[in-house]
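Student: Listed below are the residues making up each chain.
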Amino acid sequence: MKNQKSIKIFIVEDDLWYSSMLEYYLSLNPDYVIQKFDSAKAALAKMHEKPDVVTLDYSMPDMTGDQILTQIKESSPESKVIVISGQEDVKIALDLLKKGAYDYIVKDEDAKDKLWNSIINLRENVELKRELETLKEEVGRKYDFSNAIIGNSPVIQRVFGMMEKAAKTNITVSVTGETGTGKELVAKSIHYNSPRKGQSFVAVNLAAIPKDLLESELFGHEKGAFTGAMARRIGKFEESSKGTLFLDEIGEMDINMQAKLLRALQEKEIVRVGSNEIVKIDVRIIVATHRNLLEMVKNGTFREDLYYRILGLPINLPPLRERENDVLIIASYLMDNFCKENKLPRKSLTTEAKKKLMAHAFPGNVRELKSVIELACVMADEKDIDAEHLNVSSQNVMGDIMMKEATLKEFTNKFIQLFLDKYNYDVLKVARKLDVGKSTIYRMIQNKEVFVNKKYAYETSFMN
Amino acid sequence: MISTRSSVSNEKLYNFDQLKDMYPGNEGFLKHFASIFLKITPSDCSEMMAATLSGDWQKVSKYAHKMKSTIDSMNITSIKTEIRTVEMDAKNKTSTSSLLKVAQKIEKVIYEVSLQVKEDYNL
Chain A
1 MKNQKSIKIF IVEDDLWYSS MLEYYLSLNP DYVIQKFDSA KAALAKMHEK
51 PDVVTLDYSM PDMTGDQILT QIKESSPESK VIVISGQEDV KIALDLLKKG
101 AYDYIVKDED AKDKLWNSII NLRENVELKR ELETLKEEVG RKYDFSNAII
151 GNSPVIQRVF GMMEKAAKTN ITVSVTGETG TGKELVAKSI HYNSPRKGQS
201 FVAVNLAAIP KDLLESELFG HEKGAFTGAM ARRIGKFEES SKGTLFLDEI
251 GEMDINMQAK LLRALQEKEI VRVGSNEIVK IDVRIIVATH RNLLEMVKNG
301 TFREDLYYRI LGLPINLPPL RERENDVLII ASYLMDNFCK ENKLPRKSLT
351 TEAKKKLMAH AFPGNVRELK SVIELACVMA DEKDIDAEHL NVSSQNVMGD
401 IMMKEATLKE FTNKFIQLFL DKYNYDVLKV ARKLDVGKST IYRMIQNKEV
451 FVNKKYAYET SFMN
Chain B
465 MISTRSSVSN EKLYNFDQLK DMYPGNEGFL KHFASIFLKI TPSDCSEMMA
515 ATLSGDWQKV SKYAHKMKST IDSMNITSIK TEIRTVEMDA KNKTSTSSLL
565 KVAQKIEKVI YEVSLQVKED YNL
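So the protein lines, in turn, are chains A and B. Numbering follows my numbering, in which position 181 of the first sequence is assigned residue number 181; successive positions increment by one, without gaps. Numbers given in my numbering equal positions in the second sequence, counted from 1, plus 464.
Worth double-checking, as some hints may not be accurate.
As the list claims (entries may be wrong) - One side only, chain B facing chain A, incomplete, derived with CB under 7 Å:
no., residue
1, Met486
2, Asn490
3, Ile504
4, His529
5, Lys530
6, Lys532
7, Ser533
In case anyone wonders, no lab produced these hints; they're calculated from the structure. Keep in mind it's a predicted model, so treat the numbers as computed, not measured. Note that the Cβ used here is the ideal one computed from N, Cα and C, for glycine as well.
Kindly generate the complete structure, drawing on both the sequences and the hints.
Tutor: This is the structure in structure tokens:
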């Protein structure tokens, strides 16, 4: 069984003595999984198993070393072939190395030690490569559409549809949405589901880079291009070559820099600061902003030509408050993830907690929800997360309530809830403050239109 | 052809030092290789001799090449040079007239080594 650490080795050798010796010797390392073949044909028939290493006797009876090497490289190009030859022939060795052999070892007294060292050297490469592949797969899985953006609401389903269209082509994508809606996540998902997924995804937050440094950051610079430019440095455009460049907060870009970006996008070429050399670029661009770029165009703070150049396929991410029950689906997902990562028992939301989440407008969107849920997971000692564990900011509760479209009845419920929260669920006090009958509030509690915390529920007879 | 056990040399003609380095103190391991030697090398040697007698130099070179790594691994020092001479001369078809004599020496040593191996490992 091949595990993450194991190295699969094929010994292709017709000399039973020598192959047995190699087998015994290499099996001293328990991580080596070894198979012996006494003919080239038998070994080639098993190449679909993709061995990490093939030790190949140059003089096999059924095929020449050249022929075997060529066929191994065709059927399993990643396998490293170490040729073991009875003759020290520099010309043959060079020829085989040119054809892709990893090493050439002469069958002498030191051959097995040379082989051992050769495998140790290439093992590091194999492990690094395997680690890289695993990481790439993990990243790919993480940014799979169904994992990256959670939700069933019609508005988010429409977003999924747009993302799928974007992933199939190289079209520029502009992602808009309030802060915390997951614009970068959308950009990454598009990249990791596109044909460019094997290449780099490079994200640049344009708001975080001083405008004087932005040109060098994006296009790179030559040594001595400006004070402090101690060496040549490639910019984000070149770094993301054949991959995706995500320009976040594009609305914050200086108007002069906008002209340079437009030129780079139009001509598909850049010039490093301090250089005259034109560098061709093949980069997929995704931009994002929380600003209204069209408004900025009208105000003259954003170039119209750049606006149309980057508009491409627009994806507008809806705020959480417009995503109906998605808040609960996302909360559940975040809870599971957090508990798993922190080895906490799985938790669930009580009805009261769900209502509290649904009532909140989440101006910070998913980012805010994540922070609320993670804190609640830590604060709740029991399996259940109750309303009291949800530290929903009430600083702008009125604003939150007004942000959401709702019916008069829903607004009424929210106001009553707001006052109940504020006055520690003292129904009489709330009734006095709002000038409504206390029985009205009790009825709303019974109808589960508003909720009170458990402590209160325990003390009152009408709950349950 | 040599066919008796009476010519066993008193001198030890081989050793398993290389193998002992790999698995110190593992007699089973050494016995396994002793068996492989007995199974393959005397027979390869006979093939080489027959090919030498019939002048099939390609075959001679092939068997000499095959035996070479075993001879090296078992430190059969008395024929290390000879096996290379046979391999190369047969391959290049040079000095073939003297190859029979060298091949006979190899055959004699291999025969004696096989007797020693049988005795040492009760095979």
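Student: Would you mind marking each hint as holding or not holding in the structure?
Tutor: Right, here's what the structure says about each hint:
1. The closest approach between the C-beta of B:Met486 and any C-beta of chain A is roughly 5 Å, which is under the 7 Å cut-off, so the hint is satisfied.
2. At its closest, the beta carbon of B:Asn490 sits 9 Å from a beta carbon of chain A; the interface hint therefore is violated under the 7 Å criterion.
3. With a cut of 7 Å, the hint placing B:Ile504 at the interface with chain A holds, because the nearest CB-to-CB distance is about 6 Å.
4. A least Cβ separation of about 5 Å between B:His529 and chain A falls short of the 7 Å threshold, and the interface hint therefore holds.
5. The restraint placing B:Lys530 at the interface with chain A holds, with a minimum CB-CB distance near 6 Å, inside the 7 Å limit.
6. For B:Lys532, the interface hint holds, since its Cβ comes within 7 Å of a Cβ in chain A; the closest pair sits about 6 Å apart.
7. About 5 Å separates the beta-carbon of B:Ser533 from the nearest beta-carbon of chain A, less than 7 Å, and the hint is met.
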